[in-house]
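Next come the chains, spelled out residue by residue.
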Amino acid sequence: MATQHSRAAARVMISPAVILLLGWMLIPLGMTLYFSFLRYNLLMPGANPFVGWENYSYFLSDPAFQTAIVNTLLLVLGVLLITVVGGVLIALLLDQPMWGQGIVRILVIAPFFVMPTVSALVWKNMFMNPVNGLFAHLFQALGLAPFDFLAQAPLASIIGIVSWQWLPFATLILLTAMQSLDSEQLEAAEMDGASPLARFFHIVLPHLARAITVVILIQTIFLLSVFAEILVTTNGGPGTASTNLTYLVYAESLLRFDVGTGSAGGVVAIILANIVAIFLMRMIGKNLDA
Amino acid sequence: MARAVTPRRKAINTALAWGIGILIFFPILWTILTSFKTEAQAIADPPLFLNFDWTLENYVTVQERSNYFRHFWNSVVISVGSTLIGLLIAVPAAWAMAFVPGRRTKDVLMWMLSTKMLPPVGVLVPIYLIFRDTGLLDSRIGLVIVLTLINLPIIVWMLYTYFREIPGEILEAARMDGAGLRSEILYVLTPMAVPGIASTLLLNIILAWNEAFWTLNLTAANAAPLTAFIASYSSPEGLFYAKLSAASTMAIAPILIMGWFSQKQLVRGLTFGAVK
Chain V
-16 MATQHSRAAA RVMISPAVIL LLGWMLIPLG MTLYFSFLRY NLLMPGANPF VGWENYSYFL
44 SDPAFQTAIV NTLLLVLGVL LITVVGGVLI ALLLDQPMWG QGIVRILVIA PFFVMPTVSA
104 LVWKNMFMNP VNGLFAHLFQ ALGLAPFDFL AQAPLASIIG IVSWQWLPFA TLILLTAMQS
164 LDSEQLEAAE MDGASPLARF FHIVLPHLAR AITVVILIQT IFLLSVFAEI LVTTNGGPGT
224 ASTNLTYLVY AESLLRFDVG TGSAGGVVAI ILANIVAIFL MRMIGKNLDA
Chain C
4 MARAVTPRRK AINTALAWGI GILIFFPILW TILTSFKTEA QAIADPPLFL NFDWTLENYV
64 TVQERSNYFR HFWNSVVISV GSTLIGLLIA VPAAWAMAFV PGRRTKDVLM WMLSTKMLPP
124 VGVLVPIYLI FRDTGLLDSR IGLVIVLTLI NLPIIVWMLY TYFREIPGEI LEAARMDGAG
184 LRSEILYVLT PMAVPGIAST LLLNIILAWN EAFWTLNLTA ANAAPLTAFI ASYSSPEGLF
244 YAKLSAASTM AIAPILIMGW FSQKQLVRGL TFGAVK
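Those protein sequences? They're chains V and C, same order as listed. FYI, the working numbering numbers position 37 of the first sequence as 20, with every residue one higher than the one before it. In the working numbering, each residue carries its 1-based index in the second sequence increased by 3.
Since the hints were derived computationally from the structure, they do not count as laboratory data. Ideal placement from N, C-alpha and C gives every residue a C-beta, glycine not left out. Treat the hints with caution; some may be incorrect.
As the list claims (entries may be wrong) - Here are the computed distance ranges between Cβ atoms for each label pair:
no. : chain 1 : residue 1 : chain 2 : residue 2 : range
1   : C       : 68        : V       : 220       : 20 to 30 Å
2   : C       : 59        : V       : 174       : 29 to 39 Å
3   : C       : 58        : V       : 218       : 24 to 34 Å
4   : V       : 9         : C       : 144       : 16 to 26 Å
5   : C       : 144       : V       : 128       : 27 to 37 Å
6   : V       : 123       : C       : 68        : 31 to 41 Å
7   : C       : 52        : V       : 131       : 17 to 27 Å
8   : C       : 181       : V       : -2        : 30 to 40 Å
9   : C       : 14        : V       : 190       : 26 to 36 Å
What the hints assert, rightly or not - With a cut-off of at most 30 Å between alpha-carbon atoms, the simulated DSSO-like pairs for lysine-lysine come out as follows:
no. : chain 1 : residue 1 : chain 2 : residue 2
10  : C       : 119       : C       : 267
11  : C       : 267       : V       : 269
12  : C       : 109       : V       : 269
13  : C       : 119       : V       : 269
I would like the entire structure built from these sequences, with the hints used as guidance.
The structure is reproduced here in structure tokens:
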């Protein structure tokens, strides 16, 4: 049905979306790249001279950058570990016959719909506060010393909060994938005497491999950009103990108003995200052919 | 894979699953409960679960002190506005790609997806400066523009995966029966496309409602939606748990309800069709 005429019409229909996205991508990206080579601080108006790679060498040699990279990786890997392992286990459980499955599913999925600032502030104040938080009450009841989560273990606490937000996503996707598994295969393995563990490792897990990969890649894209949770809980501190790359670039650009260095940091963040994106795109692209 | 199991096994599954479900849901439940307490009861030790005097006073206070509904309305305008404009741009594009696929359709789709992978912080500085110079900073229009653009790839993709499931033969059949292009679109395609468009709408309102990078960085007092308004509770004055809870409960309730209706679409939308 694709005639010459309909082809032309199709092009007209697609072009607004393409032009807008092209503009959204190229104009700011070009500007970031351009700014990253200038000495440009909003607090010091005047000429913005070209300084070559100076911003990059300044940003990359800043001790805060090394901390931020380590924190970014710890945050991404920590949350991935918790959500993927937890997600597989919970999905396995939810896939079993039980009463009220629909309601449990609703309860488990709920945190995903809570906006980041709300979940971060609720955890920070009502759970992790060393005096009035529920954990403090719990510790006291158990005779333990109070623990100031966000001061003594800021990054771990943020990993916990972000994991709570993303566990539902992993669970839901893995559960969806699990439900597409042919139950006859499992029954056949069971009749042949395969133990539950063997069935899990030889049938269920391979079947989930693809979904797990998708979960890891998509979450990584979002987790590299965790921002609100850090802003409202620790402001990246104490010191830079919970500063990730996104927060560091924000701090350079909008707190210290150093547009040049902030832009150089932005370019670094883009490169990092692209490495992950390439793998994700390949997976999704393969699926498009299927 | 619902298999027959013994009632005992089923009971154990049920107990375990409910336990975990309630544990995961607990922070939300606790927030809702706390919103009905007085500030003193909110920090009581030992904590009070249901045995407190339920009050609506926090909801009243939050509205009176900070004009809560203005921020609520900002959230509505920004999330619904950006989604509707996004649909307006995306429906024709997804339609054309699904029904008149060309050689480059796949490349265009993949390229659109790649724009979604751009980390927002990579373009924070230019967007901030453009907004400052054009007066879009702290305006609802500015946020509608940004959220439309960042969610456009997801909207196109979701619609595309839905439209692709509409069989092309049905069009040919309609044409054989003498339907013109207008009636073809109006009576044949639209009814089949509506469910897909509705799910896309729902999921994108949710995503835009909860977006917390651009909303935090591009707004101040005027256009701040709930994400940014709630963030102002990070520097508290005095007792505020019950008020924080009331503000939070109102901010998450509508989306929680919408979200529960869109579980299935969530998987499709957020994995770009890679898991269905």
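Are the Cα atoms of residue 119/C and residue 267/C separated by 30 Å or less? Given pair residue 119/C, residue 267/C holds - Cα atoms ~21 Å apart, limit 30 Å.
Consistency of beta-carbon spacing, residue 190/V to residue 14/C, with hint 26 to 36 Å: holds (27 Å)
Hint says 16 to 26 Å; check whether the CB-CB distance for residue 9/V and residue 144/C agrees. holds (22 Å)
Against the range 27 to 37 Å, how does the distance between the Cβ atoms of residue 144/C and residue 128/V compare: consistent or not? Roughly 52 Å apart at Cβ, these two residues miss the hinted range, so it is violated.
Would you check the hint for residue 109/C and residue 269/V, treating anything up to 30 Å between C-alpha atoms as holding? holds (11 Å)
Go ahead and decide if the range 31 to 41 Å is satisfied by the Cβ distance of residue 123/V to residue 68/C. holds (32 Å)
When you take the CB atoms of residue 68/C and residue 220/V, is the distance between them in 20 to 30 Å? holds (28 Å)
Quickly compare the C-alpha distance for residue 119/C and residue 269/V to 30 Å and report which way the hint goes. Distance ~18 Å between residue 119/C and residue 269/V Cα, so the pair holds.
Within 29 to 39 Å: is that where the Cβ-Cβ distance between residue 59/C and residue 174/V falls? Hint violated: Cβ distance 59 Å, outside 29 to 39 Å.
Pairwise beta carbon distance, residue 181/C to residue -2/V, judged against the given window 30 to 40 Å: holds (32 Å)
Agreement of residue 267/C and residue 269/V with the hint, judged by alpha carbon distance not exceeding 30 Å: holds (22 Å)
Can the suggested window of 17 to 27 Å be confirmed for the beta-carbon pair residue 52/C and residue 131/V? Hint holds: Cβ distance 25 Å, inside 17 to 27 Å.
Of the hints listed earlier, those the structure fails to meet are numbers 2 and 5, in rising order.
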